[in-house]
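Got chain A; can you put chain B with the ligands on it based on the hints?
Taken in order, these protein sequences are the chains called A and B. Position 128 of the first sequence, counted from 1, bears residue number 257 in this note's numbering, the numbering being contiguous throughout. Position 353 of the second sequence, counted from 1, bears residue number 406 in this note's numbering, the numbering being contiguous throughout.
Treat each hint with caution, since some may be false.
List of simulated lysine-lysine pairs, DSSO-like, C-alpha gap at most 30 Å [stated by the list, open to error]:
# : chain 1 : residue 1 : chain 2 : residue 2
1 : A       : Lys311    : A       : Lys248
2 : A       : Lys383    : A       : Lys311
3 : A       : Lys311    : A       : Lys189
4 : A       : Lys285    : B       : Lys61
5 : A       : Lys248    : B       : Lys60
6 : A       : Lys285    : B       : Lys60
7 : A       : Lys189    : A       : Lys214
8 : A       : Lys248    : A       : Lys214
9 : A       : Lys355    : A       : Lys383
Hints listed in this document are in silico derivations from the structure and should not be mistaken for laboratory results. Since we're looking at a predicted model, the values are computed, not measured.
Residues per chain are reported as follows:
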Amino acid sequence: MNVTSGAPALSLQSVSITFGGLAAVSDVTMSVPKGAIAGLIGPNGAGKTTVFNIITGFYKPTSGRVEFSGADGGVARITGLPPHKICETGLARTFQNIRLFGNETAIQNVMVGAYVRQKGRWWMNMIPFAFSSSHNEEREIRHTATALLERLGLEKYMDATASSLPYGAQRRLEIARALATKPSFLLLDEPAAGMNPQESAELLGFIRRLRDEFDLSILLIEHDMKVVMGVCEHIWVLDQGMLIANGEPEEIRKNPKVIEAYLGKETAHA
Amino acid sequence: MSGMTDKKNAFRDNTMTLLAIAALAVFLWQAPRILDGYKVRIINLIAINAILGLSLNFIYGIGGMFSLGHAGFMAIGAYVSAILILTPEQKIAMWFLDPIAPWLLNLHAPFLVSLLAAGFFAAFFGWLISLPVLRLGGDYLGIATLGFSEILRVLIMNLTPITNGSLGIKGIPAHTSLWMSYGILVAVVFGTVRIMNSNFGNVLKAVRDDEVAAKTMGIDTFRTRVLAFSIGCFGGGIGGALMGNLITTIGPTMFTIAQTYSILMIVVIGGLGSITGSIIGAVLVTTMLEWLRFVENPLTIGSLNIPGIPGMRMVIFSVLLIAVIIFRREGIMGMREFSWNWFFSLFGSSKPTKGGERV
Ligand SMILES: Nc1ncnc2c1ncn2[C@@H]1O[C@H](COP(=O)(O)OP(=O)(O)OP(=O)(O)O)[C@@H](O)[C@H]1O
Ligand SMILES: [Mg+2]
Chain A
130 MNVTSGAPAL SLQSVSITFG GLAAVSDVTM SVPKGAIAGL IGPNGAGKTT
180 VFNIITGFYK PTSGRVEFSG ADGGVARITG LPPHKICETG LARTFQNIRL
230 FGNETAIQNV MVGAYVRQKG RWWMNMIPFA FSSSHNEERE IRHTATALLE
280 RLGLEKYMDA TASSLPYGAQ RRLEIARALA TKPSFLLLDE PAAGMNPQES
330 AELLGFIRRL RDEFDLSILL IEHDMKVVMG VCEHIWVLDQ GMLIANGEPE
380 EIRKNPKVIE AYLGKETAHA
Chain B
54 MSGMTDKKNA FRDNTMTLLA IAALAVFLWQ APRILDGYKV RIINLIAINA
104 ILGLSLNFIY GIGGMFSLGH AGFMAIGAYV SAILILTPEQ KIAMWFLDPI
154 APWLLNLHAP FLVSLLAAGF FAAFFGWLIS LPVLRLGGDY LGIATLGFSE
204 ILRVLIMNLT PITNGSLGIK GIPAHTSLWM SYGILVAVVF GTVRIMNSNF
254 GNVLKAVRDD EVAAKTMGID TFRTRVLAFS IGCFGGGIGG ALMGNLITTI
304 GPTMFTIAQT YSILMIVVIG GLGSITGSII GAVLVTTMLE WLRFVENPLT
354 IGSLNIPGIP GMRMVIFSVL LIAVIIFRRE GIMGMREFSW NWFFSLFGSS
404 KPTKGGERV
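If we strip away everything but chain A, and leave its shape as in the complex, we get (with noise of 0.2 Å):
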């Protein structure tokens, strides 16, 4: 199950970052190894998001350079990047605050995921009879949009306005939508949030069914120590923008600066 030869699908290499001067992320090395499922915990404010929004283009670095290492297998800079040019690498998230096409529905959010995989022009599904391949192209995207949401099980929500889905079947549609544009990478801020225990548990199965149907390595933020301690392979801990600690769950939980940063009570009690 853990392929974690080769070179790591994600590395992080003296990352940091500064707002006005105040350091959110400093000199952050980590890497992900393929077909991994890693976490990145942290107090509030520890910068976990930032350091995705980083990876994602959103926020250039001040220093440091970020390497992703997609399906194709090559290693590629993506420091700099736009945010579109990286989804075509194979890099996709999902929110922390969910961000979904709230005025479209479940298969139209899960349909736009596909467009940057799409080959036919836009005037091309204009004209009917002609461009076959385009329209054949439309066609085939809806059915693995519709296959997408049924291995989901959000079938039910096809036609549903996205946000009048229930909150942990919205969660569930983001990460659809993020499946659909092909990742071989996924990046997950708090997908526990806002779920109640059993979801949470569910959860768990979840993100390793994702993780092996999908021939994917998965980085995720999470406050939900069940979870990240249950799912994670290997984890690193951000405090005030800097690394703290990395290891395996079992490390990160006797690790003292760990529980004096952030687990303090959970950990002495588990």
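Just chain B with the ligands, lined up with the frame of chain A:
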């Protein structure tokens, strides 16, 4: 819904659409026989305004870009078309203050070609100004497009060798028959519906609704916006050309902010983002603008004499627009669209879908 009913519905919907187009054709055929020239002209104007409304809706409602430059793009279309249609002899006769530029003199094209050229020219200018402006972010677009359309008006006034300056262009052949305007309208509606039903339509709405999420999904939101803006300007150019060929006279005073404003009203009253809404808006705004002409004429009620107040129509319309924005921001249709399913549900012969379907 099973595949069988899907096919059955598709067949029904296509049949209904064809029937509706046939009914429109019968109406267009009969209208000039039953109605006087003034009414025919208003019916013509409805089609042109619908085209203009649809194109601005594409930019504002669907693309989420607030543009105040539509009159400018109309002007480009109207002038390009007029210059292409007129024969060299007509041009020599008309440009009597300053002769027409030699490279324009012998340019001559049939009406439909001039219409396409009008669209492409407007789209090109739209592309040109959206490149720098859209980089600044959406908020600047309104001001910049308004500025563009005002600058354009000044240019039209002064570039006499091209535009004949303040004299304008007269005697444009009246190509805009009912068949022409409604034929083009049907084509524009068809094209817009095709775009909106394709995945590119989903992408346009995605960029409008959440730019950050759209970028994350691999969409080049800047390019998408520029494209949507240019497509909308294409429609503006076509609408302007049709307008010129209806009125047969164009001049710089025709394409002011007031013109943009009435198209904006069509879009807002109909419902931002709704194709159906823009068509309904065009019918309402065009007829109301005509009805309201009486408020600008002198009025005598008993012994009371009210002198005509020029511009009163626009005052009333502005108040109306403010009322719409306050009391029914989503306009008549909201983001909904007409669908045959909804139509049949009115008669209870199909399961009801609440007030039309979202697209
Ligand atoms: N665009 C920005 N401008 C200024 N400061 C920012 C910006 N983005 C993030 N920060 C700051 O960086 C720090 C880290 O924020 P970040 O959102 O990454 O934290 P986090 O670890 O994701 O926290 P949480 O667990 O609450 O989501 C915060 O102090 C935040 O205010
Ligand atoms: Mg965060």
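Do the hints match the structure? See the list:
{"no.": "1", "hint": "Lys311/A / Lys248/A", "result": "14 Å, holds"}
{"no.": "2", "hint": "Lys383/A / Lys311/A", "result": "37 Å, violated"}
{"no.": "3", "hint": "Lys311/A / Lys189/A", "result": "24 Å, holds"}
{"no.": "4", "hint": "Lys285/A / Lys61/B", "result": "22 Å, holds"}
{"no.": "5", "hint": "Lys248/A / Lys60/B", "result": "27 Å, holds"}
{"no.": "6", "hint": "Lys285/A / Lys60/B", "result": "21 Å, holds"}
{"no.": "7", "hint": "Lys189/A / Lys214/A", "result": "14 Å, holds"}
{"no.": "8", "hint": "Lys248/A / Lys214/A", "result": "16 Å, holds"}
{"no.": "9", "hint": "Lys355/A / Lys383/A", "result": "15 Å, holds"}
Hint check: a violation occurs at hint 2 only; the rest are consistent with the structure.
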